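Chemist: Spelled out from the first residue to the last, the chains are:
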Amino acid sequence: MTVIEARGLRKAFGTTVALDGVDLRVEEGRILGLIGPNGAGKTTALNAILGLTPYQGELKVLGRDPWIERDQLMRDVCFIADVAVLPRWIRVSQLLDYVAGVHPRFDRAKAEGFLAKTTIRRASNVRELSKGMVTQLHLALVMAIDAKLLVLDEPTLGLDILFRKQFYDSLLNDYYDRSRTILVTTHQVDEIQNVLTDLMFINRGRIVFACSMEEIESRYLEVTVNPDQVAAARVLKPIHEQQVVGRSILLFDRMTLDKVDRQQFAAFGDVRTPSIADLFVAVMGNQRGAVQGAGQ
Amino acid sequence: MNLQSNAMSESFQSQSIAPAVIPATRVLYWSVRRELWENRSIYIAPLAVGAVFLTGFLLLHLFRVPSHMRSILALDPMHQRAALDQPYMMAAGLLMVTAMVVGVFYSIDALHGERRDRSILFWKSMPVSDLTAVLSKAAIPIFLLQLIAFAVAAAIMWIMFFLSSVVLLAAGISIAPIWSQLPIVQMSFLLLYHLVILHGLWHAPFYGWMLMVSSWARRAPFLWAVLPPLAIGVVEKLMFNTSHFTGMLLYHLGGSPDSGPKSGDLMDMLGHFQPGMLLRESGLWTGLAATAVFLAVAARLRRDREPI
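As given, the protein sequences belong to chains F and L, one line each in that order. With numbering that gives the first Met the number 0 applied, the first sequence corresponds to residues 0 to 295, in that order. With numbering that gives the first Met the number 0 applied, the second sequence corresponds to residues 0 to 307, in that order.
Please keep in mind that the hints were generated in silico from the structure rather than gathered at the bench. These numbers come from a predicted model, not from an experiment. All residues carry an ideal CB built from backbone N, CA and C; glycine is no exception. A couple of the hints might just be wrong.
Here are some, though not all, of the chain F residues that point toward chain L, as calculated from beta-carbon distances under 7 Å [unchecked claim]:
1. Met73
2. Arg74
3. Phe78
4. Ala80
5. Trp88
One chain only, chain F, in its complex shape (with noise of 0.2 Å):
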């Protein structure tokens, strides 16, 4: 089941052209990591699909249009914009009586339930919570919301490593099952490596590469090449090279390579699977190729 399509996905604000033919396709099940550098397009990308912006082209999520169906839409589909926009003023048992109030899929238990296992009082104001408690609070929300789409838009912004990892690991452990959908937006890429189906990259308006983690594990190697080595691997064409402490660091996809097996590489030196901030250096570092690899 398809719960996001975008076809030529289009947005331009004035002259800046914020998101330039996006074609998307995501499925039931998968956590998708949208990454980018800034003003790539991540946020207007999410804004389209959550409804809250106007665009060009064709867009469906779970089969609705987002712009036209934005609160139907919000039945199945829950959304963390940032720590800071659930409302100050709001007091914690208020705002969990008015969700149970407006939304039929709120289990006020469920939500009761995470929130006992914080410090968060439902006595108090969202404005006396520190940033990482709100989160907590927001998150526990969302997660007692039986929704089939969750959209994440920089959701640990500015929280501590502590709140961070907790908070994926309670996203994975308490609320993601194969019926629901991830989208994960953020500039923090080594802390979902491990949690993400799979992976995307925009840049300037257009998605510069789509991969599935499972394909990038088969498909992408980093080769620490020992320096007597280097002229050697250069040969096999990488996609990439960066120098680090006077080693060559160089970046492999195996699918331009015929018949070149993971043997050969290991005779060059240290191979491992490319972490998501190397395969974004590279991506990002050589446009060329990763329009070849988004269009495979």
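Model the placement of chain L on the given structure of chain F, informed by the hints.
Modeler: This is chain L only, laid out in the frame that chain F set:
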């Protein structure tokens, strides 16, 4: 392609039949409650004003009631009434003004504030339509504030009435004049009618306009709400030496010539009072039509506008 997407939406629809849909009235109810949580001045201001007035009445007036009464009894019946209902009119008037002031500030900020503090992103993550949100906000100045003002004013009037009676009885003065000259039940109904019809429905286009500006303006919604109508009035005056626009605004602000206490006292109003009088005026209905347009535009703008 079309077939495919139709099939897709159907499969989703069939999936989402099972869970109950929350009735629109319940969503509206919680949306209004949420407004009261955020803007406690909606009920605190009338209560505070009422409390201050009542305290003032108790301290300054109540114990002078017997002597006051004696002097009133010396007046002719027309002046008796005017003198008797004065504090009651003051109480009602104060609460009307309070409701208006709170209503104006509320309406100017209602759709601007949520964009300013970005909480609109949270409200929009709930399955509540923009129209429901706008209607719940419009209900505050048009209905709720007027009903609260009525409740507080009526409570004060009844308390004053009974306290005065007790004091007069204790002083051995007949309470017949106030019981005959102050028809407290009719006064309460008249006040309710006046608040709901004039301050609510007649003024509705003003609140609608302010809500619309509130959802449109990026900054200074108050100036945007006030200056353009003022400018239109001035330009009209300068160019054509007429004041139709200003006249229209004043007409909607004051209601029709027979709609409110212009100079007379409560008794005059009671004398002229005909239920439904205001409802027969076409101005009321054109005003409500304008309100509907303003609110529809406000809902549209709420969808389009991004956090500031």
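Chemist: Each hint: holds or not?
Modeler: Verification of the hints:
1. Met73: holds, 4 Å
2. Arg74: Holds: closest Cβ of chain L sits about 5 Å from F:Arg74, inside 7 Å.
3. Phe78: It holds, given that the least Cβ distance between F:Phe78 and chain L is near 5 Å, below 7 Å.
4. Ala80: holds, 4 Å
5. Trp88: holds, 6 Å
Against the hints set out earlier in the document, no violation occurs for any number.
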